[in-house]
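K.L.:
One letter stands for each residue in the lines below.
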Amino acid sequence: MENKTKDTVFSIIMMLLGGYVVIESVRMARKAASPPYNITTLSVSPAFLPVILGIALIVFSVILLIMSLVGEKHPAKAFAQHITTFSTRFVAALQTPGILKMIGGVAIMAVLTFLMMGRIPFWIGGTLFMFATMLFLRATKWWKSLLSSIIVMAAMVLLFQVAFGTTLP
Amino acid sequence: MTAQYLLNAILTVLTPINLLFLVLSTTAGLMMGVLPGLSATMAIALLTGLTYNFPTQSALIALIGVYVGSISGGCQSAILLNIPGTPASAATALDGFPIAKQGKGGLGIFLATTVSCLGTIISVIFVLTLTPMLTSMALKFASWEFFLLSIFGILICGAITAQGKAVKGWISGILGLLVAMIGLDTVDTFARFSYGNVNMMSGIQLIPVMIGLFGFPEIVKSFKGDGASEIQKLTKFKAREGFKLVGKNIGTIIRSAFIGVGVGIIPGVGEDVGGWLSYWATKSLSSEEEKQTFGTGNPRGVISAETGNNACIGGAIIPVLSLAVPGSAPAAVLLAAFLMHGYRPGPLLMTESPDFVYNVGIYLVFAAIAMWVIALLMAKVTVRVLRMNKKILMPIIYVLCIIGSYLINYNMFDIKVMFAFGIVGMFLSYMDCPPAPFLLGVILGPMADSNLRRALRLSDGSFAPMFQRPICIVFLIVIAAMILSQLGVFRQLKKVNTRRKTA
Numbered sequence: 001m002e003n004k005t006k007d008t009v010f011s012i013i014m015m016l017l018g019g020y021v022v023i024e025s026v027r028m029a030r031k032a033a034s035p036p037y038n039i040t041t042l043s044v045s046p047a048f049l050p051v052i053l054g055i056a057l058i059v060f061s062v063i064l065l066i067m068s069l070v071g072e073k074h075p076a077k078a079f080a081q082h083i084t085t086f087s088t089r090f091v092a093a094l095q096t097p098g099i100l101k102m103i104g105g106v107a108i109m110a111v112l113t114f115l116m117m118g119r120i121p122f123w124i125g126g127t128l129f130m131f132a133t134m135l136f137l138r139a140t141k142w143w144k145s146l147l148s149s150i151i152v153m154a155a156m157v158l159l160f161q162v163a164f165g166t167t168l169p
Numbered sequence: 001m002t003a004q005y006l007l008n009a010i011l012t013v014l015t016p017i018n019l020l021f022l023v024l025s026t027t028a029g030l031m032m033g034v035l036p037g038l039s040a041t042m043a044i045a046l047l048t049g050l051t052y053n054f055p056t057q058s059a060l061i062a063l064i065g066v067y068v069g070s071i072s073g074g075c076q077s078a079i080l081l082n083i084p085g086t087p088a089s090a091a092t093a094l095d096g097f098p099i100a101k102q103g104k105g106g107l108g109i110f111l112a113t114t115v116s117c118l119g120t121i122i123s124v125i126f127v128l129t130l131t132p133m134l135t136s137m138a139l140k141f142a143s144w145e146f147f148l149l150s151i152f153g154i155l156i157c158g159a160i161t162a163q164g165k166a167v168k169g170w171i172s173g174i175l176g177l178l179v180a181m182i183g184l185d186t187v188d189t190f191a192r193f194s195y196g197n198v199n200m201m202s203g204i205q206l207i208p209v210m211i212g213l214f215g216f217p218e219i220v221k222s223f224k225g226d227g228a229s230e231i232q233k234l235t236k237f238k239a240r241e242g243f244k245l246v247g248k249n250i251g252t253i254i255r256s257a258f259i260g261v262g263v264g265i266i267p268g269v270g271e272d273v274g275g276w277l278s279y280w281a282t283k284s285l286s287s288e289e290e291k292q293t294f295g296t297g298n299p300r301g302v303i304s305a306e307t308g309n310n311a312c313i314g315g316a317i318i319p320v321l322s323l324a325v326p327g328s329a330p331a332a333v334l335l336a337a338f339l340m341h342g343y344r345p346g347p348l349l350m351t352e353s354p355d356f357v358y359n360v361g362i363y364l365v366f367a368a369i370a371m372w373v374i375a376l377l378m379a380k381v382t383v384r385v386l387r388m389n390k391k392i393l394m395p396i397i398y399v400l401c402i403i404g405s406y407l408i409n410y411n412m413f414d415i416k417v418m419f420a421f422g423i424v425g426m427f428l429s430y431m432d433c434p435p436a437p438f439l440l441g442v443i444l445g446p447m448a449d450s451n452l453r454r455a456l457r458l459s460d461g462s463f464a465p466m467f468q469r470p471i472c473i474v475f476l477i478v479i480a481a482m483i484l485s486q487l488g489v490f491r492q493l494k495k496v497n498t499r500r501k502t503a
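Chains X and H supply the protein sequences, listed in that same order.
If you're matching positions, the first sequence starts at 1 in my numbering and goes up one per residue.
If you're matching positions, the second sequence starts at 1 in my numbering and goes up one per residue.
Since the hints were derived computationally from the structure, they do not count as laboratory data.
Please note: incorrect hints may appear among the correct ones.
[What the hints assert, rightly or not] With a straight-line Cα cutoff of 25 angstroms, these simulated DSS-like cross-link-like pairs (lysine-lysine) come out:
#, chain 1, residue 1, chain 2, residue 2
1, H, K380, X, K144
2, H, K283, H, K416
3, H, K494, X, K141
4, H, K248, H, K238
5, H, K244, H, K291
6, X, K101, H, K494
7, X, K73, X, K101
8, X, K101, H, K380
9, H, K391, H, K101
10, X, K141, X, K6
11, H, K238, H, K101
12, H, K101, H, K224
13, H, K391, H, K238
14, H, K391, H, K291
15, H, K391, H, K416
16, H, K101, H, K380
17, X, K101, X, K31
18, X, K144, H, K238
19, H, K224, H, K248
20, X, K73, H, K238
21, H, K238, H, K224
22, H, K244, H, K380
23, H, K380, H, K416
24, X, K77, X, K6
25, X, K4, H, K291
26, H, K140, H, K380
27, H, K248, H, K101
28, H, K291, H, K494
29, X, K144, H, K391
30, H, K224, X, K6
31, H, K224, X, K141
32, H, K291, X, K101
Build the full structure now, drawing on both the sequences and the hints.
P.N.:
The following block contains the structure:
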């Protein structure tokens with residue numbers, strides 16, 4: 001994808017984020033001005049640096065947007081075209097086998113991170129994750145994947161739990 | 001007396017048991033440094049507990065060995081895998097990985113390891129000789145200077161890593177600073193961006209953010225079969241060629257070591273900034289033609305970054321010894337370890353334990369030499385580990401990333417933070433936005449925030465004192481010049497002047 005297209009979309013997202021940071025920081029400043037904090041001067045308020053950072057984010061995003069549209073005969077048209085191109089290519093990319101594999105891999109990682117950790121012992125969760133991911137990616141034969149997952153997990157438990165005396169998740 | 005202390009330290013380290021500790025700890029440090037997600041801080045933290053029952057000198061040798069090993073080990077995965085093993089090696093990956101892609105992975109690792117050793121040894125000269133002078137210089141830094149220093153560090157990092165679009169690097173740095181704002185602020189314990197979540201109130205830990213930003217995208221890309229995370233070969237090379245390159249760049253090494261020590265001595269600014277600043281200095285001082293080769297596999301990029309980050313070790317230890325103020329995150333853990341073993345670093349150290357500074361200096365030299373030998377011998381093992389089928393290796397690395405995120409605080413929330421920042425890292429990578437300034441923002445955010453707040457409190461909210469301090473004025477001029485030059489203002493002014501002259 002053309003760099004200018006990415007820069008346009010990135011600057012818009014960052015501008016929105018900067019706007020949110022400024023609004024949230026103003027709320028923070030108001031809260032800090034009330035009891036028990038009673039900090040009424042903005043420059044010594046805990047919201048001061050976040051306000052500055054929010055504004056800086058907006059300013060730099062505007063500069064990036066201008067830079068991505070410099071040299072275009074019709075900046076407004078070019079802006080609309082960048083947004084359309086980005087959306088079209090993004091949707092198209094979601095249907096390619098490589099990206100689908102990435103999404104599948106992230107989903108397996110999310111299952112381990114959010115559903116397994118803390119609910120089942122780490123050595124079971126970790127081994128299952130490695131085995132499932134290797135199978136999904138067709139890394140090697142299923143029994144080799146299983147064997148390597150078990151060996152690696154055993155080595156990790158030995159190193160961290162036995163040698164270093166730490167507690168695994 | 002100094003000679004006696006040095007001789008005693010050498011004799012201590014040369015005893016068989018201490019040599020064994022040195023080799024084992026340096027190897028452990030290297031392995032920790034090589035594996036992405038396992039940092040120097042974590043390596044020292046893990047070893048501190050293990051050394052509790054060790055004889056004091058053996059424990060010190062082991063701790064220093066693991067520190068030097070882990071900082072140096074990060075370069076191997078940075079060069080072969082494009083994933084910095086530790087944040088200190090982030091700048092190394094810029095030219096190290098392209099060198100490996102050119103089929104010179106072996107030479108890249110030889111260069112990085114050799115200059116890492118030299119950087120550490122040069123920094124020891126500072127530890128032993130210039131400690132009082134450098135300490136008095138660092139003492140001149142007050143809150144305003146620390147605030148401007150952190151902003152300066154982020155701006156430089158953004159300008160270097162954004163490949164011609166500094167604004168993107170600066171945006172990335174601001175995002176990192178915003179992440180550092182999450183949690184209770186250090187001055188009024190006011191909860192910022194916490195949304196009532198207790199875990200968020202205690203702030204976002206650095207290690208999960210680092211692992212997420214740098215490790216996660218590489219793991220996910222490997223699922224797709226993307227060439228970016230491909231592990232490069234450790235090719236054969238002629239040692240003579242490597243030594244020639246080192247000899248040819250001795251000026252760069254000395255300059256980078258000076259920068260590394262200077263950065264290391266400033267409290268809170270760690271090895272990563274040392275690497276970036278040294279890299280930036282080398283790039284800036286190069287000819288216009290050579291500047292274009294940085295980022296495409298210029299050996300001077302690797303030489304300057306690795307010398308700079310390793311020289312930071314000695315630099316970071318100087319304030320630990322003289323002020324009991326850590327120069328970096330790993331040095332903070334090292335300070336705790338020194339205290340655990342009965343030493344009281346600080347102004348009274350030279351009176352209470354005058355031999356301690358010399359012991360530390362000599363242990364650093366031996367650790368650097370041990371690291372050089374072991375790293376080169378171990379490179380083949382490292383490559384075997386990193387050369388595994390990436391579809392097998394990457395799920396294993398993700399499990400290590402989980403362990404790495406968890407071990408810092410023994411908190412499940414940190415694992416979720418790592419995942420979340422992994423998604424942020426993917427987004428930044430997709431948008432061609434460098435993650436390094438983001439990480440630096442997270443590291444320097446607390447320093448910037450607490451010092452700015454403190455300074456403003458002392459001046460009743462006025463910025464006037466900032467413009468009355470000479471070091472601040474220098475920082476402000478450099479920051480303004482950097483922003484204006486990166487935005488092309490000077491170029492435009494030059495054009496206008498030329499037009500006027502021709503008219």
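K.L.:
Next, verify each hint and record whether it holds.
P.N.:
Hint-by-hint comparison with the structure:
1. H:K380 to X:K144: holds (24 angstroms)
2. H:K283 to H:K416: violated (38 angstroms)
3. H:K494 to X:K141: violated (64 angstroms)
4. H:K248 to H:K238: Roughly 16 angstroms between the alpha carbons, so the hint for H:K248 and H:K238 holds.
5. H:K244 to H:K291: holds (21 angstroms)
6. X:K101 to H:K494: Since the Cα atoms of X:K101 and H:K494 sit roughly 51 angstroms apart, the hinted pair is violated (cutoff 25 angstroms).
7. X:K73 to X:K101: violated (40 angstroms)
8. X:K101 to H:K380: violated (31 angstroms)
9. H:K391 to H:K101: holds (20 angstroms)
10. X:K141 to X:K6: Cα-Cα ~40 angstroms, so violated.
11. H:K238 to H:K101: holds (18 angstroms)
12. H:K101 to H:K224: holds (19 angstroms)
13. H:K391 to H:K238: violated (32 angstroms)
14. H:K391 to H:K291: violated (36 angstroms)
15. H:K391 to H:K416: holds (23 angstroms)
16. H:K101 to H:K380: Holds, because 17 angstroms separates the two Cα atoms, which is no more than 25 angstroms.
17. X:K101 to X:K31: Between X:K101 and X:K31 the Cα gap is close to 46 angstroms, so the pair fails against 25 angstroms, i.e. violated.
18. X:K144 to H:K238: Measuring from Cα to Cα gives roughly 38 angstroms; hence the hint is violated.
19. H:K224 to H:K248: violated (41 angstroms)
20. X:K73 to H:K238: With a Cα-Cα distance of about 55 angstroms, the restraint between X:K73 and H:K238 is violated, given a limit of 25 angstroms.
21. H:K238 to H:K224: violated (36 angstroms)
22. H:K244 to H:K380: This hinted pair holds, its Cα atoms lying about 23 angstroms apart.
23. H:K380 to H:K416: Violated - the C-alpha atoms of H:K416 and H:K380 are around 34 angstroms apart, more than 25 angstroms.
24. X:K77 to X:K6: At roughly 16 angstroms apart (the allowed maximum being 25 angstroms), X:K6 and X:K77 satisfy the hint.
25. X:K4 to H:K291: The given pair, whose Cα atoms are some 24 angstroms apart, holds under the 25 angstroms limit.
26. H:K140 to H:K380: violated (47 angstroms)
27. H:K248 to H:K101: With a Cα-Cα distance of about 23 angstroms, the restraint between H:K248 and H:K101 holds, given a limit of 25 angstroms.
28. H:K291 to H:K494: Measuring from Cα to Cα gives roughly 21 angstroms; hence the hint holds.
29. X:K144 to H:K391: Satisfied, since the Cα-Cα distance of roughly 13 angstroms is no more than 25 angstroms.
30. H:K224 to X:K6: holds (21 angstroms)
31. H:K224 to X:K141: This hinted pair holds, its Cα atoms lying about 19 angstroms apart.
32. H:K291 to X:K101: Violated - the C-alpha atoms of X:K101 and H:K291 are around 38 angstroms apart, more than 25 angstroms.
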